[in-house]
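As they're listed, the protein sequences go chains S and H.
Just so you know, the first sequence maps onto residues 2 to 220 in the working numbering.
Just so you know, the second sequence maps onto residues 63 to 281 in the working numbering.
It is possible that part of the hints are untrue.
[What the hints assert, rightly or not] Examples of chain H residues lying across from chain S (beta carbon under 7 Å, computed):
#1 A67
#2 C81
#3 Y219
#4 L224
#5 F230
[To be verified] If you want the ones that stay clear, here's a sample from chain S, every Cβ over 10 Å from chain H, calculated:
#6 C21
#7 L30
#8 L31
#9 P50
#10 S52
#11 N71
#12 A72
#13 L125
#14 L132
#15 G133
#16 R134
#17 L177
#18 T179
#19 T192
FYI, nobody ran anything at the bench for these hints, they're computed from the structure.
All C-beta atoms, glycine included, are put in the ideal place defined by N, C-alpha and C.
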Amino acid sequence: MPAPAAHLKLPADLVACHECDLLQTEPALLPGQTARCVRCDAFLARNPPDSLDRTLALTLTALVLYVIANAWPLVGLDMQGRVVAVTLFEAVQVLWRDGMMPVAALVFGTAILFPLLELVMILLVLVPLRLGRVTPRMAPFFRLVRSLKPWGMVEVFLLGMLVSLVKLSHLATVILGTAFWATAALILALTFAGRAFDTRLLWQTPLPDEAEDLLVTSR
Amino acid sequence: MSRRALTAREAGLLSCHVCGQLARPPEGAAHSLRCPRCRAPMHLRKPASVSTTWALLIASIVMFLPANLLPVMTTTSLLGSQQDTIMSGVVFLWQSGSWPLAAVVFFASVMVPLLKIIALVYLTLSVQRRSTQNLLQRTRLYRLVEFVGRWSMLDIYVITMLVALVSFRGLATIEAGPGAIAFGAVVVLTMFAAMSFDPRLIWDPLAGRSADPHPAHHD
Numbered sequence: 002m003p004a005p006a007a008h009l010k011l012p013a014d015l016v017a018c019h020e021c022d023l024l025q026t027e028p029a030l031l032p033g034q035t036a037r038c039v040r041c042d043a044f045l046a047r048n049p050p051d052s053l054d055r056t057l058a059l060t061l062t063a064l065v066l067y068v069i070a071n072a073w074p075l076v077g078l079d080m081q082g083r084v085v086a087v088t089l090f091e092a093v094q095v096l097w098r099d100g101m102m103p104v105a106a107l108v109f110g111t112a113i114l115f116p117l118l119e120l121v122m123i124l125l126v127l128v129p130l131r132l133g134r135v136t137p138r139m140a141p142f143f144r145l146v147r148s149l150k151p152w153g154m155v156e157v158f159l160l161g162m163l164v165s166l167v168k169l170s171h172l173a174t175v176i177l178g179t180a181f182w183a184t185a186a187l188i189l190a191l192t193f194a195g196r197a198f199d200t201r202l203l204w205q206t207p208l209p210d211e212a213e214d215l216l217v218t219s220r
Numbered sequence: 063m064s065r066r067a068l069t070a071r072e073a074g075l076l077s078c079h080v081c082g083q084l085a086r087p088p089e090g091a092a093h094s095l096r097c098p099r100c101r102a103p104m105h106l107r108k109p110a111s112v113s114t115t116w117a118l119l120i121a122s123i124v125m126f127l128p129a130n131l132l133p134v135m136t137t138t139s140l141l142g143s144q145q146d147t148i149m150s151g152v153v154f155l156w157q158s159g160s161w162p163l164a165a166v167v168f169f170a171s172v173m174v175p176l177l178k179i180i181a182l183v184y185l186t187l188s189v190q191r192r193s194t195q196n197l198l199q200r201t202r203l204y205r206l207v208e209f210v211g212r213w214s215m216l217d218i219y220v221i222t223m224l225v226a227l228v229s230f231r232g233l234a235t236i237e238a239g240p241g242a243i244a245f246g247a248v249v250v251l252t253m254f255a256a257m258s259f260d261p262r263l264i265w266d267p268l269a270g271r272s273a274d275p276h277p278a279h280h281d
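Using the sequences and the hints given, assemble the complete structure.
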């Protein structure tokens with residue numbers, strides 16, 4: 002597969018907006034600053050302070066919270082002395098047994114599988130980076146993180162759980178489980194990890210030699 | 063805009079959607095290009111963006127009817143059996159006094175999918191007509207569609223938790239109905255439709271106003 006040649010004569014700070022394709026220079030960002038497209042106001046880049054350490058710490062926190070959120074019961078229901086408590090995975094299993102396989106698969110993917118994959122992939126990218134071992138091999142993991150991101154919906158799930166509890170509160174006594182609070186904390190950790198992540202850190206390595214071989218100098 | 067702005071496409075450059083690298087495609091090679099830095103596939107615009115978006119939109123419009131007309135769950139209790147659609151669930155929340163939640167569920171489950179389909183139809187049509195009006199507003203509309211789309215999953219999670227928790231044999235049980243599958247399909251299809259739409263197509267007609275040697279191909 003041929004690679005388009007990177008153009009060495011292009012200034013390093015020249016970027017194209019992902020939403021309107023405008024060429025512009027990315028300003029040098031002070032810690033905490035965000036760059037936006039001059040034409041369409043799209044997000045271009047952010048310079049979060051201490052990006053690598055903070056992202057790593059928050060992602061590890063999120064992983065611990067994820068384990069708690071999935072291993073303990075989310076919520077319980079006490080109806081005239083009979084108690085039912087479920088974990089997230091058990092809830093998915095009930096749907097599956099009821100013949101709602103597509104819905105069960107959707108919930109399993111968006112609330113269990115994709116958030117976990119995203120956390121693991123971020124760690125696979127960041128841990129080698131933190132240890133100073135940067136290889137182009139981590140690029141596919143990062144690509145996977147990007148394509149999984151819209152499909153991890155833990156925060157929507159928590160709101161859905163709240164709505165269902167309100168619906169049930171007049172029928173039975175609702176018991177909030179350990180996993181409920183872990184899920185709430187998990188959303189915070191994921192949000193702050195996302196904000197702390199400066200993706201530009203991944204691409205500071207020089208281009209591989211073969212790409213430079215393919216350079217087309219001028220038109 | 064009064065000042066002529068140069069886009070990456072006009073400059074003969076491709077930008078990588080994963081790492082942002084700009085590259086000049088080697089002459090004659092227009093297909094299966096990969097980013098010299100991160101090896102992600104590179105395209106000038108998302109391939110077949112307009113036709114893919116149309117296909118997914120039509121599919122989601124088809125699924126929209128059963129999603130709203132078929133029951134999403136069946137409640138069986140000592141008082142008898144009751145079937146609920148998405149809308150009757152909202153009405154129930156409203157009547158039981160949970161107005162804020164009724165509003166949230168109405169917005170996430172009824173308004174968002176509907177407005178999302180209408181917005182994407184409008185965006186795709188305006189791109190096909192090569193409209194040069196409301197460029198910034200349309201880009202903002204697209205951003206909004208991408209941002210709120212995931213919240214439609216809310217009702218899927220509500221159903222999941224209700225089905226899993228209310229399983230008191232003899233007292234009360236809740237089962238998911240076929241409407242839930244159709245509703246899940248609408249959410250997934252509209253999310254894919256939003257992802258396949260390329261917002262840069264909104265701005266491309268601006269380039270056509272000057273002497274553009276490479277007229278835009280949208281499909």
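To see whether the hints hold, each was checked on the structure:
no.	hint	in the structure
1	A67	holds, 5 Å
2	C81	holds, 5 Å
3	Y219	holds, 3 Å
4	L224	holds, 5 Å
5	F230	holds, 5 Å
6	C21	violated, 4 Å
7	L30	holds, 14 Å
8	L31	holds, 20 Å
9	P50	holds, 21 Å
10	S52	holds, 16 Å
11	N71	holds, 14 Å
12	A72	holds, 16 Å
13	L125	holds, 15 Å
14	L132	holds, 20 Å
15	G133	holds, 19 Å
16	R134	holds, 17 Å
17	L177	holds, 12 Å
18	T179	holds, 16 Å
19	T192	holds, 14 Å
This entry does not satisfy hint 6, going by the numbered hints stated previously; all others are met.
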